[in-house]
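Sequential numbering of the sequence shown, starting at 1213, is according to our numbering.
Source of the hints: derived by calculation from the structure; they are not laboratory data.
Predicted, not measured: the structure shown is a model, and the values here were computed from it.
It is possible that part of the hints are untrue.
Claimed, not checked - Derived Cβ-Cβ restraints for the label pairs, each shown as a range:
| hint | residue 1 | residue 2 | range |
| --- | --- | --- | --- |
| 1 | Val1292 | Gly1238 | 16 to 22 Å |
| 2 | Gly1246 | Gly1285 | 16 to 22 Å |
| 3 | Trp1244 | Ala1276 | 15 to 21 Å |
| 4 | Pro1268 | Met1213 | 29 to 35 Å |
| 5 | Gly1245 | Ile1216 | 20 to 26 Å |
| 6 | Ala1293 | Lys1231 | 24 to 30 Å |
| 7 | Val1292 | Pro1258 | 21 to 27 Å |
| 8 | Ile1297 | Gly1224 | 36 to 42 Å |
| 9 | Asp1240 | Tyr1286 | 28 to 34 Å |
| 10 | Glu1235 | His1303 | 33 to 39 Å |
The C-beta atom is built at its ideal place from N, Cα and C for all residues, glycine as well.
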Amino acid sequence: MPYINYVEINVGDVPAARKFYKEVFGWDPQPWGGDDYLVAAHGDEPGVDAGITQSPDGEPVTVAVITVDDLDGYLAKVLVAGGDILVPKFHIDGVGHAAYFADTNGVMIGLHQPD
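Construct the complete structure from the given sequences, taking the supplied hints into account.
As structure tokens, then:
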């Protein structure tokens, strides 16, 4: 069954967000693939990792990312159910493939298929 495995926190100011989440929750987000994308890993503790990144339009948005076993199949289901593909399938080295869609209420959700 598909499950939420990751949360992306898109912000207007990455350094300020890093400082905030460290002060509030004790998270220590580290750069991953460059200084503009940070990951707060949950390690052996319960929970999911969180990515903190610059929002493309500067507007804050949080995106749940769901792991699936057949990304293409789920993207087809999104379209049949009336959703829209926002970002088509793309590859992330060492991670797998991902895509983003909007549901019928306009909520952005990410999909991830591991390698």
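Comparing the hints with the structure gives:
1. Val1292 <-> Gly1238: 16 to 22 Å: The hinted range 16 to 22 Å is violated for Val1292 and Gly1238, with Cβ atoms some 43 Å apart.
2. Gly1246 <-> Gly1285: 16 to 22 Å: Violated, since Gly1246 and Gly1285 (Cβ atoms, about 31 Å apart) do not stay within the stated range.
3. Trp1244 <-> Ala1276: 15 to 21 Å: holds (18 Å)
4. Pro1268 <-> Met1213: 29 to 35 Å: holds (31 Å)
5. Gly1245 <-> Ile1216: 20 to 26 Å: Taking Cβ atoms as reference, Gly1245 and Ile1216 lie about 22 Å apart, which means the hint holds.
6. Ala1293 <-> Lys1231: 24 to 30 Å: For Ala1293 and Lys1231 the Cβ distance comes to about 40 Å; the hint is violated.
7. Val1292 <-> Pro1258: 21 to 27 Å: violated (34 Å)
8. Ile1297 <-> Gly1224: 36 to 42 Å: violated (25 Å)
9. Asp1240 <-> Tyr1286: 28 to 34 Å: Distance hint for Asp1240, Tyr1286 holds at roughly 33 Å.
10. Glu1235 <-> His1303: 33 to 39 Å: holds (35 Å)
Of the hints listed earlier, those the structure fails to meet are numbers 1, 2, 6, 7, 8, in rising order.
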